[in-house]
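So the protein lines, in turn, are chains A and B.
Going by my numbering, the first sequence opens with residue 1, and the numbers climb by one from there.
Going by my numbering, the second sequence opens with residue 1, and the numbers climb by one from there.
The reader is advised that the hints may include incorrect statements.
One copy or two, it doesn't matter: identical chains are merged, so the pair holds either way.
[Said to hold, decoys possible] Calculated cross-link-like contacts (lysine-lysine; reagent style DSSO-like; alpha-carbon spacing at most 30 Å):
no.	residue 1	residue 2
1	566	197
2	614	103
3	546	522
4	665	302
5	531	375
6	617	104
7	612	724
8	516	220
9	656	375
10	197	648
11	531	652
In case anyone wonders, no lab produced these hints; they're calculated from the structure.
Number of protein chains: 2
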Amino acid sequence: MRGMIKRTVPLLLAAGMGLAATAWSAESLQDVMKRRSLSQQDLLAAAKTYVPTGKRDEFLAFSSGGQSGQVIVYGIPSMRILKYIGVFTPEPWQGYGFDEESKKVLAGGRIDGKDISWGDTHHPGFSETNGEADGQYLFINDKANPRIAVLDLRDFETKQIVVNPIFKSEHGGAFVTPNSEYIMQAAQYPAPLENRKYEPLSSMNEKYRGGITFWKFDRKEGRIKEKESFSFEAPPYWQDLSDPGKGPSDGWAFTNSFCSERYVGGIEDGRPPYEAGCSAKDTDYLHVMNWKKAAEMVKAGKGFKLINGHKVIMMETAIKEGLLYLIPEPKSPHGVDVTPDGKFIVIGGKLDSHASVYSFEKIMAAIKAGKFESKDAYGIPVIALKDAIHVQVQLGLGPLHSQFDSKPCVVYTSLYVDSQVAKWDYCEGKVLDKISVHYNIGHLMTMEGDTSKPAGKYLVALNKLSIDRFNPVGPLHPQNHQLIDISNSKMQLLYDMPFPLGEPHYTVAIDAKKLKPGVRYKVGTDSRTDKPHPSAAKAGEERIVKKGNKVEVFGTLIRSHITPEKIDAEVGDEVTIHLTNLERAQDETHGFTVSTYNVHASVEPGKTVTVKFKADKEGVYPYYCTEFCSALHLEMMGYLLVKPKGWKDTGKTLAKGSYTEADYKATVKKVVDTQAIIDSVVAYITSVNYKDFPDAVAMVEDAFDQLGHSKGLKEKHEGFAAKKDWENANLWAEQIWQYQVKCADLGIRAKTHLEQNGAKKVAK
Amino acid sequence: MRGMIKRTVPLLLAAGMGLAATAWSAESLQDVMKRRSLSQQDLLAAAKTYVPTGKRDEFLAFSSGGQSGQVIVYGIPSMRILKYIGVFTPEPWQGYGFDEESKKVLAGGRIDGKDISWGDTHHPGFSETNGEADGQYLFINDKANPRIAVLDLRDFETKQIVVNPIFKSEHGGAFVTPNSEYIMQAAQYPAPLENRKYEPLSSMNEKYRGGITFWKFDRKEGRIKEKESFSFEAPPYWQDLSDPGKGPSDGWAFTNSFCSERYVGGIEDGRPPYEAGCSAKDTDYLHVMNWKKAAEMVKAGKGFKLINGHKVIMMETAIKEGLLYLIPEPKSPHGVDVTPDGKFIVIGGKLDSHASVYSFEKIMAAIKAGKFESKDAYGIPVIALKDAIHVQVQLGLGPLHSQFDSKPCVVYTSLYVDSQVAKWDYCEGKVLDKISVHYNIGHLMTMEGDTSKPAGKYLVALNKLSIDRFNPVGPLHPQNHQLIDISNSKMQLLYDMPFPLGEPHYTVAIDAKKLKPGVRYKVGTDSRTDKPHPSAAKAGEERIVKKGNKVEVFGTLIRSHITPEKIDAEVGDEVTIHLTNLERAQDETHGFTVSTYNVHASVEPGKTVTVKFKADKEGVYPYYCTEFCSALHLEMMGYLLVKPKGWKDTGKTLAKGSYTEADYKATVKKVVDTQAIIDSVVAYITSVNYKDFPDAVAMVEDAFDQLGHSKGLKEKHEGFAAKKDWENANLWAEQIWQYQVKCADLGIRAKTHLEQNGAKKVAK
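Throw the hints in and build the complete structure from the sequences for me.
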């Protein structure tokens, strides 16, 4: 059998060669189109969305994952999902909620002292600079358990979760002010603002309240400052979505609402249900707020009341200070969207057939003139619709949400009941185009379409049902995001993308070039605090510290072994394991788990994580790397040995392997032969302009890193050989070969990369 | 504003018309190719994978989700992910682990009395009939916490989780016998078989064991029978993957292994790590088992020992009864794959460069002749490699796993180190083609490629790294599944698919036509037991039962209200809410949560689910539908009111709305006008051959269902009007309109569907 190994060696040279000039098809394009029943239009759509191997998408979309509690990232135009990011729900692949560092983030979202293990994410929002998406942070809300989370787009990880101190539900968040000063979050179903306060439904009008929270965001720290945040108290209308002003309207914010009827259902008692009572009137209220003035007031320490320790501007104060106004808006609106130039606010009434365009200038004029048609039941001044409206346009049934084009005055509005998207001109008030979608569109989004500089090109219809669009997968259906080309005068449907987990409600997309995520951490980083991890271990400094019933492990991970490979504990010990991934190579993540102890960690290059558990079960528990990392990945393991209390060691030693001098010599020869191969791969690589290929350079560096790990092992195996310890001599020589295999693996990858990307011979 | 409503009406007719004849492009195909830098080859690949809107994929792939603990379903050739199925990890979108029914499934996976909230899924396997994938069930293992799960492909839900009673880790499962009699699961890292039994590592050879479990599957019940299952005790070699024989080899099973060195690492103590010691020898052992004979023996109640209450055939018995043999196999193998005809077994040694083809006929001949080269340390007869081998073929570096083509003798093997796929002939032993993949392929799969009737056409390379293939999304990278066209003599790379959550290890694919999932349950079904739910409520029979401190709600869900809309409780009450979704329409799922009480349910049409919690917090907690279901979805809510103990009702009644006779009359007129529209949509639908379109028929049925809900409401509102109760009169009339809107929504959907699918006028 040893002979087989010898024969493998020449293959290292042959790799990637010989069969490269593959004939790429026996079928013509026409054959394929005929066989697959593709029309010319289908082919054009395919050409507009297909992203060939190794090429990148133009835009990245960040979608709420609805009841999954996650954020989902996908590429446009390929519509390939790139990542699910754990936010409100523990997710083991990422170790999220399974390692101690991420548990701390989730602990920020505890409510009334208890863990909440899911979320209902609805509306993501990017951090903004001068009204433009800047690609630094993403914010996302939880409707069910009113919270908001901060995600850092340098590593696509959730860094913070904060709990809304006064709401019992909220739907409309996160909406970000033009320089990310504040993140808006509005209540949905009214309830008493005081925590754990019961009031009967008969007190709806007097004791139940809505509200709008402004979370203060600290750009430098990348965290929300809870103590510097504040809220507006609002009437028990069901506040919904918001949008802060920009440009001329910067400093103001807009929140719509529905069920301004303040209806209380009770179908079980013979009352009409909420759906009837909450949509009986023709108009609801747009809330218009001066957030800049409010923020200054709060900063000055006045004008608020503390409720549950949180600063709340009561309606009385807001009215007195001119901070809050109402304007009627057509029945049961959903989206409220400020135009890129900040001059208008577009609102669709989902039970009306119009989109209404409000003029900020007119609103300000009415406020300045003190021209109000009435006050609502709580004394808030109401501006007449006619005094605020720029234009109303009949679009179709169920207008829900609007997004803007890069072309001036062009806006797209989703029509829920019609299952259509309307393209129209909000300056002139005329419909330009319509396209049918499948089925029942909710939100829609254009590229950076809710910022001050929309990028145009694509629109995505976020359909709420898919019904018959895809292969059936049981009673619970995927959602359907449809990609539409908006670069021409007529919209063209390009692609149907099933959404396999969670119901996305809203999505935001950004030019991929604006994102600059890292691929590794500084060695020993706690990724959740962005700070050096106090328990990181360096290579060679791994150790196990036992104090009383506490076992603390300071370990490392590298292709392909865990140091230490054995952890001893006694039943009942508290075991804490800190692991640092020593890799610098891109994508060389290691995972870690201990059999049946319900811990898991994902340890990306440079990261340090901690897992903790009570060794409450006697026995033998393997631990292992859970992320495939090299050909020897399955061997990257160790044992947790939980001894009974007071176990006396028998003094028995580990069994010896049966290795001979011949084994050792064969292994040494294998190492020499393999080195010759590596040298020849290196010769190829250095014969071409590999330095012009950053990915190849990174692979070559990693290859030499791997080989570097074998430093000192030659002396080691020769030392053992001198003592005729053939087992140790053979195995340490074998370990050199393991590093050689990893080095060769990387070298071959680099070589293939160079060959496929047109590397050229260079003069020596 | 009321006027606006009137103006909407004609739009119901215009929907989907007028703009249907969209000019589909201003750009030519050549323009697009130039702009997007697409080659002719790219375009051909795009044409081979693009699936136009409403069309279906040819195959469905079921992939392990690695550390996510889930199963992932995607379509081929589009490579669109259709569903993540919750298996070992709670997943709130599906209510998995958040409703009581699914909690019971997860409770089957508790270990040592504790919940395990994740899994490391590796190898899915379909149920088989006569060696062919039959599309009825899917099985998947958990490596970290040795378990196996049963998924039903009628509803794509997890139905059962069982814990392996004797292993502490297992990698190789699930592998299914040709008529799904048993599901194989092999141990990985050796440990004492007795539960919670400590043995020092120095007792590795004597006290640590591996093993192979055969789980008995009951086809009728669709569940594993734990009591009828059994295991083979095996040496402390690291058993890995398995494959049962088929055709001539049916009744036998094959499991490979590595680290037959039985090495114990200890790098922290100066010993070479496992990766060196576990790959020092040139060969490991293929385990050959007669499972049929073993099963008969166990069924007869003999030949086994009970360990942890589980039937284990000890090595001594297996040797004596001729049930277990070993054959050397090249160094550190991964896959073991029986050819479709059952005559050969293909094995790659991941540190060798060969694939080895074993002949079942030769193995049987050696066994029959008692021709063994030796016995291993445990007395198991070892058949010489030369007496078992058919052919060995040099493929390249790191052969891992093989899958078969529909063409005779053609097999594909993944080459990990070379990052290639080799196509070769296992009859003649010659290489036919090679293709490079990115980067470092682990498993690969062809369509039904591990069954007795492979379907050919496509191959998917399951790459372990993606590095630079996609837009960067932080240090944790997606995996990369590459689709390869194998219908021609040369392989062609078609598509790179990022894997956004979890690390898939192995995937199986099935002809989509073999799957017949349902879209609804019989009303009142517990989907986890497939039985009628004892607490289902019918429409009109909703009720709340309070006994002592227990509040039990028997509720229903329908577009768009929850019955009841109010639940009263006292602090400390145990609240149990059963909800039945009364919908029959496809994709009309409702979700349910109660603010901050950490419960969630996904209630697909017909399903009944239960959520349970302790109302330990005084206050007002909205509950709502979490899955967008109609234009009035946001109004589908109610309140849980948790009163302080001994709360005395103030007797205050709900506030009245301010509705007038004029409001009522306007609403009645709106209802009449809308009915005229509905009639006109109906007129269109019945003017064409809609009955030829099953989806349209379903929508029309649902539309009339919706309208049917308004039965009796006319009498109701007229009755209130007669009593001059304008609020109730108006709101009940409004409720008719709500049903009309839902009806119109469906009618418009049906109309669009008919227009887009070429419905034709029929003669009256």
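Now for the hints, and whether the structure bears them out:
Taking the closest pair of Cα atoms, residue 566 and residue 197 come within 30 Å of each other only across two copies (17 Å); inside a single copy the shortest separation is 53 Å, beyond that limit. Taking the closest pair of Cα atoms, residue 614 and residue 103 come within 30 Å of each other both inside a single copy (16 Å) and across two copies (24 Å). With identical chains, the CA atoms of residue 546 and residue 522 are at most 30 Å apart within one copy only, with a shortest distance of 28 Å there and 58 Å across copies. In this assembly of identical chains, residue 665 and residue 302 lie within 30 Å of each other by CA distance neither inside one copy nor across copies; the values are 83 Å within and 50 Å between.
For a Cα distance limit of 30 Å, the shortest separation of residue 531 from residue 375 qualifies neither inside one copy, at 52 Å, nor across copies, at 57 Å. For the homomeric pair residue 617 and residue 104, the shortest alpha-carbon distances inside one copy (26 Å) and between copies (24 Å) are both at most 30 Å. For the homomeric pair residue 612 and residue 724, neither the shortest alpha-carbon distance inside one copy (43 Å) nor that between copies (68 Å) is at most 30 Å. Taking CA atoms no more than 30 Å apart as the test, residue 516 paired with residue 220 passes inside one copy only; the shortest distance there is 17 Å, against 54 Å between copies.
Taking the shortest Cα distances, residue 656 and residue 375 sit within 30 Å of each other only across copies (19 Å), while inside one copy they are farther apart (90 Å). Taking the shortest Cα distances, residue 197 and residue 648 sit within 30 Å of each other only across copies (15 Å), while inside one copy they are farther apart (59 Å). Proximity of residue 531 to residue 652 under the C-alpha cut-off of 30 Å is found in neither arrangement, the shortest distances being 45 Å within a copy and 56 Å between copies.
In summary, the numbered hints that this structure violates are 4, 5, 7 and 11.
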